[in-house]
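We have chain V; now place chains B and U onto it with these hints.
The residues making up each chain are set out below.
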Amino acid sequence: MALLLKGGRLVDPAAGLDTVADVVIRDGVIVEIGEDLTIPKGVTIECAEKVVLPGLVDLHVHLREPGREDEETVSSGKRAAAHGGFAGICPMPNTEPVADEGSAITALMDLADDGFPVQVFPVGAMTVKQAGELMAEIGDMHHAGAVAFSDDGRCVQDSGVMRRVMDYAKMFPVTLMSHCQDDALAGRGVVNEGVVSTRLGLPGYPAAAEEIMIARDIALCELTGCRVHVQHVSTARGVELIRVAKAAGLPVTCEVTPHHLFLDEDMLDLTYDTNRKMNPPLRTAADREALLDGLVDGTVDAIATDHAPHAAHEKQLEFELAPFGTTGLETALSLVNTHLVACGRVTWSQVAQWMCHGPRSCVPLIPEQRIEVGRPGTLTIVDPEARVEVTREWFVGTSRNSAFLGAKLLGKATEVLVDGEWALKGGKVVER
Amino acid sequence: MAYRTKAEVMDSVAIDRALTRIAHEVLEANKGCEGLALAGIVTRGAHLAVRLAERIRAIEGVAVPVGSIDISFYRDDVATRLAPEVRRTDIPFDVEGRTIVVVDDVLFTGRTIRAAMDAIMDYGRPRTIQLAVLVDRGHRELPIRADYVGKNVPTAGRERVKVSLSETDGRDSVEILEQDGGE
Amino acid sequence: MTAMLSSRHLMTMDDVTADDIALILDTAESFAEVNERRIKKLPTLRGRTVINLFLEPSTRTRMSFEIAAKRLSADGVNFTASSSATVKGESLRDTAATLAAMSCDLVIVRHKYAGAPQIIAEMMDCSVVNGGDGVHEHPTQALLDLYTMRQNLGHLEGLTVGIVGDIAHSRVAGSLVPALRKVGATPIIIAPPTLLPARPDILGAEVAYDFDQVLPRLDVAYMLRIQMERFDEAGFPSLREYARLYGMNMKRLSAAKPELVIMHPGPMNRGVEISSDVADHARSLVLGQVESGVAVRMAVMYLLLGGADSGAAA
Numbered sequence: 001m002a003l004l005l006k007g008g009r010l011v012d013p014a015a016g017l018d019t020v021a022d023v024v025i026r027d028g029v030i031v032e033i034g035e036d037l038t039i040p041k042g043v044t045i046e047c048a049e050k051v052v053l054p055g056l057v058d059l060h061v062h063l064r065e066p067g068r069e070d071e072e073t074v075s076s077g078k079r080a081a082a083h084g085g086f087a088g089i090c091p092m093p094n095t096e097p098v099a100d101e102g103s104a105i106t107a108l109m110d111l112a113d114d115g116f117p118v119q120v121f122p123v124g125a126m127t128v129k130q131a132g133e134l135m136a137e138i139g140d141m142h143h144a145g146a147v148a149f150s151d152d153g154r155c156v157q158d159s160g161v162m163r164r165v166m167d168y169a170k171m172f173p174v175t176l177m178s179h180c181q182d183d184a185l186a187g188r189g190v191v192n193e194g195v196v197s198t199r200l201g202l203p204g205y206p207a208a209a210e211e212i213m214i215a216r217d218i219a220l221c222e223l224t225g226c227r228v229h230v231q232h233v234s235t236a237r238g239v240e241l242i243r244v245a246k247a248a249g250l251p252v253t254c255e256v257t258p259h260h261l262f263l264d265e266d267m268l269d270l271t272y273d274t275n276r277k278m279n280p281p282l283r284t285a286a287d288r289e290a291l292l293d294g295l296v297d298g299t300v301d302a303i304a305t306d307h308a309p310h311a312a313h314e315k316q317l318e319f320e321l322a323p324f325g326t327t328g329l330e331t332a333l334s335l336v337n338t339h340l341v342a343c344g345r346v347t348w349s350q351v352a353q354w355m356c357h358g359p360r361s362c363v364p365l366i367p368e369q370r371i372e373v374g375r376p377g378t379l380t381i382v383d384p385e386a387r388v389e390v391t392r393e394w395f396v397g398t399s400r401n402s403a404f405l406g407a408k409l410l411g412k413a414t415e416v417l418v419d420g421e422w423a424l425k426g427g428k429v430v431e432r
Numbered sequence: 001m002a003y004r005t006k007a008e009v010m011d012s013v014a015i016d017r018a019l020t021r022i023a024h025e026v027l028e029a030n031k032g033c034e035g036l037a038l039a040g041i042v043t044r045g046a047h048l049a050v051r052l053a054e055r056i057r058a059i060e061g062v063a064v065p066v067g068s069i070d071i072s073f074y075r076d077d078v079a080t081r082l083a084p085e086v087r088r089t090d091i092p093f094d095v096e097g098r099t100i101v102v103v104d105d106v107l108f109t110g111r112t113i114r115a116a117m118d119a120i121m122d123y124g125r126p127r128t129i130q131l132a133v134l135v136d137r138g139h140r141e142l143p144i145r146a147d148y149v150g151k152n153v154p155t156a157g158r159e160r161v162k163v164s165l166s167e168t169d170g171r172d173s174v175e176i177l178e179q180d181g182g183e
Numbered sequence: 001m002t003a004m005l006s007s008r009h010l011m012t013m014d015d016v017t018a019d020d021i022a023l024i025l026d027t028a029e030s031f032a033e034v035n036e037r038r039i040k041k042l043p044t045l046r047g048r049t050v051i052n053l054f055l056e057p058s059t060r061t062r063m064s065f066e067i068a069a070k071r072l073s074a075d076g077v078n079f080t081a082s083s084s085a086t087v088k089g090e091s092l093r094d095t096a097a098t099l100a101a102m103s104c105d106l107v108i109v110r111h112k113y114a115g116a117p118q119i120i121a122e123m124m125d126c127s128v129v130n131g132g133d134g135v136h137e138h139p140t141q142a143l144l145d146l147y148t149m150r151q152n153l154g155h156l157e158g159l160t161v162g163i164v165g166d167i168a169h170s171r172v173a174g175s176l177v178p179a180l181r182k183v184g185a186t187p188i189i190i191a192p193p194t195l196l197p198a199r200p201d202i203l204g205a206e207v208a209y210d211f212d213q214v215l216p217r218l219d220v221a222y223m224l225r226i227q228m229e230r231f232d233e234a235g236f237p238s239l240r241e242y243a244r245l246y247g248m249n250m251k252r253l254s255a256a257k258p259e260l261v262i263m264h265p266g267p268m269n270r271g272v273e274i275s276s277d278v279a280d281h282a283r284s285l286v287l288g289q290v291e292s293g294v295a296v297r298m299a300v301m302y303l304l305l306g307g308a309d310s311g312a313a314a
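One line per chain: the protein sequences are V, B and U, in this order. For the first sequence, position 385 (counting from the first letter as 1) is numbered 385 according to our numbering, and the numbering increases by one without interruption. For the second sequence, position 146 (counting from the first letter as 1) is numbered 146 according to our numbering, and the numbering increases by one without interruption. For the third sequence, position 83 (counting from the first letter as 1) is numbered 83 according to our numbering, and the numbering increases by one without interruption.
A portion of the hints provided could be inaccurate.
For the chain B half of the interface with chain U, some residues (derived, Cβ under 7 Å), not all of them [unchecked claim]:
1) Tyr74
2) Val78
3) Leu82
4) Arg88
Keep in mind that the hints were calculated from the coordinates and are not lab data. Here a beta-carbon is modelled for each residue, glycine too, at the ideal position from N, C-alpha and C.
With the rest of the complex left out, here is chain V:
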């Protein structure tokens, strides 16, 4: 089975590509790249005016299976990923029960093996039940297929425990991912501590609660030599701490989310929109700028969505009672194009770095992907001129708690190929 992608703009900084050319994929592998290519038989896809990227990977998603299948399943999450242009996703372990042992990872891999071609790279818990006390069976989970470990949603408060986990994990080629939060300082906080907490009378979550733990994890990285990945960094000082650590040669990486890049606390008002309640909370406009600067100068390695589906009836509670999080898989690429590429602030080459190569460099167990002959036919094709209106009906995933409901965005993934198999075609998720 052969596939010819005709006339697309191929963008891949790792392959040194930014050119209009044709791509031939045969038996799931890229076999030819060049101009005016033809195939004797097979399918030709017209890609003129489109951008062809190596398949995007999201390092941070929450699929609610097992436990809250009403919010998202592995299967629905994979389809949401394809709809947003992602070829691979890393589900966090905070399911019910927590994925804290090898069998849970195996079960997840089985669920992911549903014939739909989006790759799933499981993340296991660092500590048993994510309780922050006893180290989980990291080796067992690694052998079952876990590529990284995180207590995401929570943070190991005991630095001694964190140190042991890091010391232990460094013998495996895995990544420790840290949701950085000092619980005592964050308290009952639900919005950034500052203007918005004062204005809306809501408990504040100070930037320092996040930054203190980033600083701790950097210090433990230096102490243990274990690579650590800071999840959803949201503050200017957080980025600066990582910048300094990287300059010192420490194996520290980090990600930012689209909502922290494109929203800030000023967008919270007397409507008390719980879809904009996140952890970490939306910070200030200055923090947003610092996150973008961090991306541009390479301090921030990846854009990851922290896709957090929640049931409507739970999101509709009082702001202080509603769960944290927004969905993100389906809107991330369109947001990046709308706010960064279309207005000329960044190039597609940078987007390829932040959404394809960056994530893979943070987690070395995720296979490398390039637009090169001999590599898998795993690609994301984008129509930068497509118009998207974010309505509840537009989503493919099970939950619709998006912080961007109502937004009119520019650009949309139209095709996702994984090893030459269609996950998204003509803008529609392929039914399997």
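Relative to the frame of chain V, chains B and U by itself:
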């Protein structure tokens, strides 16, 4: 909707005479001013009550107590419109057992008078309530009639009666207004 | 001239303009007279249904609203439940939908969490009055405080009002500071840094740590209640030290302007934020505040419910 004057039915002299006559009628009907009090409905009824009290004093040499009633909170159409300005109700006398003459400028549907009587009742139980108006223009919607009338002025329902008093409007007059232009 | 408020809700002080405040206070004066009558009842809102949705216990505020509704002849219904019941059982949205199905005209909502009135307003097609939401706002309290100040000091513009105590956790301060600014008064918030919100600077009030330093400038000393129930996370070492630094007592009273008046939203902790002799002093307006509460709430109900369909009738 614009209105224009159709006719002036009372001038200041006529108003003056009517008030003097009403003062005499009140005293005659009540055999003096023992236990008598006046309660004017804000705004113009209150001014008329004060004038009436002056006439009574000129005749009898006695100052009868005068109060004012704001009926905003007693209206039966609060749901549809609010009074532009709520003024304080001021009843500086004990209502219990008195003869109270409610004073208003125009008697129309009777709803205002109904509200005023309710308001007075909330202060206590008067012996009788009587009603004095400068103009009775007809079109009653409730079984209410005036005991003392300055002038009966038959009007069409679409017409308006405009009472001007020097205290609020700089001059005394009663005019009938009709809609400008017609249909 | 129209006697309408600019919003159909009173959820935050953002809903009212300076003109609205003047209208509410003037209307309240008329109602205050009613409260002195033998028969303290008006037929004004006969047939209207007012629901007191109190999801956090507050007997005083609920009673004040209840009496106000009764004096206007509205049919008042109480719906009380603890917040935890709404967490585990029916959601606030479902409660609101249930009330909406019974078609009422006004909902007074008191809740432990900020933003609850907005949820009610979203779900119900009636006016909503915030009877206190979390540590956010309590607008009728601010209005009755303004009324009390105006009655006792003759005017509001130009007054300097010191609000002393736990500003961070006070819905009273949350409404009073913007209310004072709207009427041209000068609020000063006086508290240790631990009892201030994260960004007091955005409130538009002067901030002072030292009560005694600003005391001589004050026309009103507004003492906030120290929440004994959350003493474990209190921002001061002991009640004794708090009383010493921030409590209103006779010594402070004598150091203040002779016309200074003392206010407190109640209930008072005698001996903590206010000494007993000050609480009972002639310059304490505490009971006057309670009395004003009924008239001001009557005015708010009258203005929100009356003339609702005036557009059609005009």
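Going through the hints against the structure:
no.	hint	in the structure
1	Tyr74	6 Å, holds
2	Val78	4 Å, holds
3	Leu82	4 Å, holds
4	Arg88	5 Å, holds
Against the hints set out earlier in the document, no violation occurs for any number.
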